[in-house]
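K.L.:
So you can see what is in the structure, the chains are spelled out below.
2 protein chains.
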Amino acid sequence: VVGLAKGAAMIAPNMATMLAVVMTDAAVAPEAAQALLAEVVGRTFNRITVDGHASTNDTVLLLAGGAAGPVAPAALHDAVASVCAALARSIPADGEGATRLVEVVVRGAATEADAERHARRIAESPLVKTAIAGGDPNWGRIVSAAGASGAPFDPARASLRLQGTTVWSAGTPVPFAEAPLSARMRDEEIVAIDLDLGVGEAEARFWTCDLTEAYVRLNADYRT
Amino acid sequence: VVGLAKGAAMIAPNMATMLAVVMTDAAVAPEAAQALLAEVVGRTFNRITVDGHASTNDTVLLLAGGAAGPVAPAALHDAVASVCAALARSIPADGEGATRLVEVVVRGAATEADAERHARRIAESPLVKTAIAGGDPNWGRIVSAAGASGAPFDPARASLRLQGTTVWSAGTPVPFAEAPLSARMRDEEIVAIDLDLGVGEAEARFWTCDLTEAYVRLNADYRT
Chain A
1 VVGLAKGAAM IAPNMATMLA VVMTDAAVAP EAAQALLAEV VGRTFNRITV DGHASTNDTV
61 LLLAGGAAGP VAPAALHDAV ASVCAALARS IPADGEGATR LVEVVVRGAA TEADAERHAR
121 RIAESPLVKT AIAGGDPNWG RIVSAAGASG APFDPARASL RLQGTTVWSA GTPVPFAEAP
181 LSARMRDEEI VAIDLDLGVG EAEARFWTCD LTEAYVRLNA DYRT
Chain B
1 VVGLAKGAAM IAPNMATMLA VVMTDAAVAP EAAQALLAEV VGRTFNRITV DGHASTNDTV
61 LLLAGGAAGP VAPAALHDAV ASVCAALARS IPADGEGATR LVEVVVRGAA TEADAERHAR
121 RIAESPLVKT AIAGGDPNWG RIVSAAGASG APFDPARASL RLQGTTVWSA GTPVPFAEAP
181 LSARMRDEEI VAIDLDLGVG EAEARFWTCD LTEAYVRLNA DYRT
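First to last, the protein sequences are chains A and B.
This note's numbering applies: residue 1 is where the first sequence begins, and numbers increase by one.
This note's numbering applies: residue 1 is where the second sequence begins, and numbers increase by one.
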């Protein structure tokens with residue numbers, strides 16, 4: 001399974017200018033391929049954002065040539081999911097003006113839909129995205145974004161880690177050394193936001209990028 | 001009726017750092033005052049955005065001293081609504097890094113809730129807000145934001161005006177002189193986005209500001 005994708009702005013796909021093609025030599029029936037792709041896209045391409053502005057024509061195509069013959073569905077699923085996740089992450093990593101890729105994980109949710117709602121709200125917040133541009137371990141912006149997502153959120157049960165360091169727990173900030181954490185947010189390959197809701201077993205992953213002055217320049221100066 | 005308000009960021013109020021106090025010398029019962037204020041706030045303070053990031057503690061208080069004695073409810077309503085609308089507009093006008101106030105009107109909707117959903121989506125789009133920073137009459141960004149709001153949207157029946165000039169109608173761009181319109185977007189007191197859905201009588205007004213490099217600087221450099 002191999003894949004290709006383009007898109008760096010007007011990115012908040014809901015299979016609406018993002019374009020991706022995934023190819024496999026597995027033999028797979030069209031209906032099964034469509035079902036597989038829809039499920040994987042829901043957890044990969046539809047879980048990225050650059051600017052929260054869905055395009056009118058995002059497209060992911062899965063092409064199956066069949067030369068390899070039938071493949072175990074679970075093996076094909078895992079291969080397609082792996083390729084789609086790698087492509088999806090690469091889009092915000094290459095987002096307009098972006099200097100950092102951010103992975104938001106919301107875990108401990110009652111349902112995956114709740115986790116996704118929190119993760120999307122965090123990933124779309126300009127205040128969270130500018131804090132990351134500044135290397136600011138600003139837990140308040142992250143927690144307040146989640147709190148406004150509309151999905152259930154009990155601060156008393158929740159905790160937040162940045163780059164693996166707990167910065168907020170049970171509704172209260174946890175003391176941490178700011179300078180080293182800020183340095184890690186700037187230097188490590190990915191900014192990792194990990195919010196545990198503490199109420200269940202479901203989780204969702206979402207990918208975004210920082211919001212920089214370069215993003216504004218590109219989009220204020222670009223005329224169509 | 002007089003009022004005061006503060007707040008320039010973390011502004012997407014849902015009566016969650018915005019603070020406003022409205023005072024009147026009308027004699028009005030607490031229950032009537034609360035009902036009046038809730039209705040007016042729903043159409044004024046809850047219809048502004050700077051960054052789409054709701055604060056945890058927006059507050060609007062209506063204080064009624066009673067010295068003026070009883071007042072006709074309609075007259076009090078209009079006075080409170082007028083004060084709240086003026087205060088609400090002044091917040092994004094004074095938003096972080098903002099150079100322009102934007103008024104989004106969505107009309108011709110089946111319901112006010114539909115109109116509000118479209119207006120909020122347009123007002124929160126970073127692509128729309130950067131286009132305004134650049135004086136770009138970019139109808140595509142506006143129409144595509146509305147189309148992704150989730151509320152009913154039929155391009156064949158809709159039309160869009162910028163500063164009163166029709167730029168898009170029935171799903172098709174309408175030729176216009178770009179340079180003068182761009183100049184008016186930069187020079188006039190307010191950027192007026194007016195989307196007519198063409199399906200009903202309901203409308204909603206929403207206020208936002210442009211998204212500039214100064215916004216990013218303020219929020220990437222500000223540490224908490």
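These aren't lab readings, by the way, just hints derived from the structure by calculation.
All figures in this text were calculated on a predicted structure; none of them were measured in a lab.
Please note that a few of the clues may not be correct.
Not close to chain B: a few residues of chain A, all C-beta gaps over 12 Å, as computed [unchecked claim]:
#1 Val1
#2 Glu96
#3 Lys129
#4 Ser144
#5 Asp154
#6 Ile190
#7 Ala214
#8 Arg217
#9 Ala220
Which stretches of chain B does chain A cover? Using the computed rule of at least three CB atoms under 8 Å from a CB of chain A, they are [stated by the list, open to error]:
#10 19-28
#11 197-207
All C-beta atoms, glycine included, are put in the ideal place defined by N, C-alpha and C.
K.L.:
Looking at the structure, which of the earlier hints fail to hold?
P.N.:
Hints 2, 3, 4, 7, 8, 9, 10 and 11 not satisfied by this model.
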